[in-house]
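Colleague: Spelled out, the chains give:
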Amino acid sequence: MLIEKTVWPQNKKCAVMISVNLDAEFFGKIYYPDINVDEGDILRLGRTSINYGLPKLLNVLNKYNVKATFFIPGAVVKRYPEAVASIVKHGHEIGCHGNNHEILAHMTIEEQRATLREAKELLTKAAGKELKGFRMPEGEISEETLALVKSMGFSYSSSLSDDDVPYVREASGLLELPIHWELFDLPYFVFTFDPPIPQGQSRSARMDDVLKNWLFELEGARRFGTLLNLQIDPQAVGEQGRIFMLEKLLDEIKETDDVWIATGEEIAEYFKK
Amino acid sequence: MIWQNSAKSAFALSFDMDGDTIWRNKTKRLPNGSSYIKGPSIGMYGPKKGALRILDILDEFSLKSTWFIPANIVMEHPDVVEKILNMGHEIGHHGLDHTGEYGATFDEQRERIEHCQEIFQKYTGRKALGFRPTGALLPETEKWIYSEGGFVYSSAGISGEACGWYTVDGEITHAVNIPCRDEQMDDYVQTVLNSYPAVLVGMPRIAPYENAYFNWVHEIDGMVKYGNSGATAFHPQISGSPGRAILFRRFCEYLVSNRNVWCASCIEIAKYYKAMMEGRDDAH
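Protein sequences appear in the order of chains A and B. Position one of the first sequence corresponds to residue 399 (my numbering), numbered consecutively onward. Position one of the second sequence corresponds to residue 1027 (my numbering), numbered consecutively onward.
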């Protein structure tokens, strides 16, 4: 075999990280970076995700005894402090997802430092402990961004897509826990009329089809020994009709005792050794 | 045309190992675009992981294939190219950087194509015999490519359904056309995604992986039914993900069990065609 298999704790076949991007209404910036998130469908979907999606998600994670990693923009802590407190109370990990879901690569390094510092302060206060994880707000970053993230004391990034197991990024020396679009629920389902999201207004995917893609990725992770890094936005899979997808996936993951389910922090700790 | 092993169709698994070229070409016009690493990281998955996983699967089924690689990627990933060649696969011409810019005149275009061939020669010890263009070429350039230029076949996207002599302006060249059904025989178009820049335009949903798989099988059925032949344009940066690799493996299983299909590299198909057709009245 040309790819050497990663050794996981307790000789598990593969690893699964459940991560949640708690964007609330800032999800709109994935599609329109300059959008006003304080009006219309964008704001309504954001509030729905916090009020309905998040509690259901926390219940399911609790039921399956799974700890997740929540990547949160600083501005979301300011807007929804009680929601973030409920996540912390359940013992999940808190990570940084920018401050206002900005495109960091558009900013100077000083501007990036200022905005990430503000986010880090807000999130650290809410978490009651040091943050380890950073996930870039969807948009773009540079090697400089990751060097800055490392210098600010973060132990890992979970932003890039050039691998399927954790690796140390050469330029910055920062550990990367890779992500892939096909394992992110939001782009399969999100839909608004005004502004059009997605831009081409394609129909939402069939839930069973999306689940099947994920189950193929789980089968692949088991076969090839990789990290399956699931990304959830509570407005997508946290919705009443879709929450079964997460339950089914967790059923499959827990079916046999061969998957290491871990938070970003736990994976980073393992790779530090 | 009856192919090797009495097969009704010849079929090449071929791969466009574009790496980050297609992403750099999209991001370079955006603010600070040359410093971006997210989009390009999607492309880098190809040479870093996807290609290796695919090579292992091909090896499992003893399938030989063709890899079209921009010359810049050959330079940046000589180790991967070496593995491809060592395992008995073919590498083909796929431009310098996937910009599709071959130049405005015949001389510029020829120079660009030869420059890539020099890179192939330097890094792999051989020149490419097959050509999969990444952009438009002048008719006189095409005539040159498929005669004095030394290329034995063309496998371009949207180039019909049948294997035959490659023609330019209705004139037969010395090269063989191996149609690349790129809009069907790939999972890049169906399952690639990015938000900034939006890929694909309009950000359509990622398709169910199985949709892509079942379409491949229907394409093969049609190809056999009409006695045609062709090639794929799989992108290792997409097809090599753990989950998609499960379906690629299933496709390989299907192909080796289908007696109507002779699976070979593009160059094997081109050489077989030439050997069978040359000397006949309708050949040169």
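I should point out that these hints are in silico values taken from the structure, not numbers from a laboratory. Here the structure is a predicted model, which is why all the values come from computation and not from measurement. Glycine included, every Cβ here is placed at the ideal spot set by N, Cα and C. Check the hints yourself; a few may be wrong.
[Claimed, not checked] Selected chain B positions facing chain A (Cβ under 10 Å, derived; list incomplete):
#	residue
1	Ile-1068
2	Gly-1186
3	Val-1218
4	Pro-1230
5	Pro-1234
6	Gln-1263
Colleague: Each of the hints needs a verdict: does it hold here or not?
Modeller: Status of each hint after checking the structure:
no.: 1; hint: Ile-1068; in the structure: holds, 5 Å
no.: 2; hint: Gly-1186; in the structure: violated, 29 Å
no.: 3; hint: Val-1218; in the structure: holds, 8 Å
no.: 4; hint: Pro-1230; in the structure: holds, 4 Å
no.: 5; hint: Pro-1234; in the structure: holds, 4 Å
no.: 6; hint: Gln-1263; in the structure: holds, 9 Å
Checked against the numbered hints above, the structure violates only hint 2.
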